[in-house]
Amino acid sequence: MRDLLSGNYAIAEAVRMAKAQLIPAYPITPQTPIYERLSEMESQGTLPGVMVRVESEHSAMAMCIAASLAGVRVFTATSSQGLALMHEMLHFASGNRVPVVMGCVNRVLAVPWSFGSDQTDTLSQRDTGWMQFYCEDNQEAFDTVIQAYRISEATMLPSMVIIDAFFNSHFIEPMDVPDQRLIDLFLPQATLPERFDLNDPAFISNVVTSGAQFLPFRERAFTDMEKAKEIIREVDIEYRAQFGRGYGMVETVQTKDAQLVLVTSGSMTSTARMAIEALRDKGLKVGLLKIKAFRPFPSREVEDALQNIPKVAVIDRNISIGKEGIFCQELKSALYNSTARPRIYGYIAGLDGLDVSPEIIENICLEVLGKEMPDNLPIWVKGN
Amino acid sequence: MVEIKFYGRGGQGLVIAAQILAKAYFLIGKYPQCYSLFGGERRGAPVMSFLRVDDKKIYLKCEIKKPDRSIFFAPDLIDEDEIERTLKPGGFVLINTPFDRDHFKGIQGLRVAVVNASAIAQEEGIGTAINTAMLGSYCRVAGDIPMNVLEEVIRSSVPGKIEENVKSALQGYTMTTRISEGNDL
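Which chain is which? The protein sequence lines are A and B, in order.
For the first sequence, the numbering used here begins at 9 and goes up steadily by one.
For the second sequence, the numbering used here begins at 5 and goes up steadily by one.
Just chain A, same shape as in the assembly (with noise of 0.2 Å):
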């Protein structure tokens, strides 16, 4: 059925399709539309799970977890200062190996205190074990989540499904919901392991007393993430067979022929067509990277992609202060052993969604073919 949905409201959607046993959440600005959808479907009697008003994000996190590790599908949401107050939890939930899907908005980490979008919060929970997918618009939001579900309850690993503060997550667009039949026939009842006995309770998180008992969590982890890839493609094809919509780990347009391949994740990606298509009017060999998966990261896809190609644009909504954007530096460490050795311009732009308009993509593709060697630093992009 075609609907008009927000972003936040087609993760709700997805999230009540999904059947999400238990959804324990907090809100804030600009995920609260997850939340109060959820509760008004709750109040509606639509929801299939319960919802749970917990008074902060790490023990949403911490309930998400123990729910899991008893066996139960779980779901929450946050954004900015809520995942970073989340962070200790991140660790345990992967540590644990418990599947949980969580929507993550983008939006700026105080201070100053701000609402736009700014992926550096996501970002920053880069080393935590947890899956990431950056979707663009209101339907792979709703897509990713279903196939977030297969993909961590088959590989064990938590994910999180990231959509752009405002830009995705207020944009109100039509899109497409599916049946329920269907979603019940590609994304079954969970069937996971129970593994916390409510009768005889214990401590879950066990404890080692050598690096040596250590290391084999870490590694293990670590070879799982690896063989997530494969389940995150063959996920991908399977949906994309039963509903006509896929995305792969990352997507490349028009790269072929390109002397300048654009790098984008998120909802600046929509945009970058448009700006592409405008580029190639004018008879410029111009292409487009977008990066979904962040973790694991897509190097062979990226590798395949940047063959031959001489100049890559990154543009970052994110900055590590004291490096650069993390995008481009995740795409030049993919890239150091490889054959594809593209010079690599790094661009900020999009700060606290600061707008970033199809002419100013259009203004950095055009800096770019025109400069000899890239700058050591990124280049900031302060509006138009």
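For the record, the hints were derived by calculation from the structure and aren't laboratory data.
Note that the Cβ used here is the ideal one computed from N, Cα and C, for glycine as well.
If a hint is listed, it holds; no wrong ones were tucked in.
A few chain A residues facing chain B, derived, Cβ under 10 Å:
hint, residue
1, S14
2, H178
3, F179
4, I180
5, R281
6, M282
7, S365
8, I368
Cβ pair distances, simulated, as ranges:
hint, chain 1, residue 1, chain 2, residue 2, range
9, A, Q250, B, D59, 22 to 30 Å
10, A, Q267, B, P150, 48 to 56 Å
11, B, K92, A, D289, 14 to 22 Å
12, B, D59, A, L374, 27 to 35 Å
13, A, D312, B, V153, 44 to 52 Å
14, A, S132, B, D148, 45 to 53 Å
15, B, F103, A, Q188, 51 to 59 Å
16, B, H107, A, R253, 50 to 58 Å
We have chain A already, so just place chain B on it with the hints.
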């Protein structure tokens, strides 16, 4: 593609107005994309809502800087220089005001329509919720949404006083005047 910008104050129903219009365009088979600037949504604070409408999927995930249609719920928010600078050729301005079109001398040469939506809403007993009167007026000026479609969406969208809101929309449609210089409706 048509880009529409709504200017008003918290409490006037501006956010809902853009959503109702989006639904109406959706029902007649268009692709609408609608959003509001959030963060400062308080009664009395300036609020802006935005709507893009096209026949095909809209990829732009950025702000509307140059609208085709500017809708002022609060006339004190009018910046005549900004309108002249940003309104796209062929576009129009719709203003909620007790004055007639000639009152807005700074925007000569543009298509401007006026409607006293505040008075209509008062008359219909819905207070400061002028959004339905403004939408009725919008349908008259834009001419691309049938009134029965607007009425259908209003009936399924407004939280209360449905008949009053429907009447308000019809009044808004009827009471709109002066679309362009020497070309009365």
